[in-house]
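If you're matching positions, the sequence shown starts at 7 in this note's numbering and goes up one per residue.
FYI, nobody ran anything at the bench for these hints, they're computed from the structure.
The C-beta atom is built at its ideal place from N, Cα and C for all residues, glycine as well.
Certain hints may be false.
Computed beta-carbon distance windows for the label pairs [what the hints assert, rightly or not]:
1) 40 / 8: 30 to 36 Å
2) 19 / 50: 31 to 37 Å
3) 18 / 45: 49 to 55 Å
4) 12 / 52: 27 to 33 Å
5) 42 / 22: 42 to 48 Å
6) 52 / 13: 53 to 59 Å
7) 52 / 18: 45 to 51 Å
8) 20 / 48: 37 to 43 Å
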Amino acid sequence: MLGVARALLRSLFVVGVIASVMLATVHGLAEAIDIIFCLPFLIYGATLGLFEGIPLLLATRHDAASTPSLPVVWQC
């Protein structure tokens, strides 16, 4: 009876290790996919900020009458 209990605990341990490795792999893949899909938006936002945002901010005066309307940038 003790041998059966040990075998059952050992198999549950192995199943737990396999399940945790699978969950970590799926979580890692989800993070990689998230980064891959967000990267173009991050590059677009950085480019937009450099080529449109900075000259727009430099060209406007800092008073209440001239508030620039900055473009909306996608955020992940």
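Against the structure, the hints:
1. Between residue 40 and residue 8 the Cβ separation comes to about 48 Å, which falls outside the hinted range of 30 to 36 Å.
2. Under the hint 31 to 37 Å, the C-beta atoms of residue 19 and residue 50, about 48 Å apart, miss the expected range.
3. Taken as a hint, the range 49 to 55 Å is violated for the pair residue 18 and residue 45, whose Cβ atoms sit roughly 41 Å apart.
4. Taking the beta carbon of each, residue 12 and residue 52 are about 58 Å apart, not inside 27 to 33 Å as hinted.
5. The hinted range of 42 to 48 Å is not satisfied by residue 42 and residue 22, whose Cβ atoms lie roughly 30 Å apart.
6. For the hinted restraint 53 to 59 Å between residue 52 and residue 13, the CB-CB distance of approximately 57 Å keeps it satisfied.
7. Distance hint check for residue 52 and residue 18: the Cβ-Cβ separation is about 49 Å, which falls inside the suggested range of 45 to 51 Å.
8. For the pair residue 20 and residue 48, the beta carbons lie near 41 Å from each other, so the given range of 37 to 43 Å is met.
In this structure, the earlier hints numbered 1, 2, 3, 4 and 5 are contradicted, and the remaining ones agree with it.
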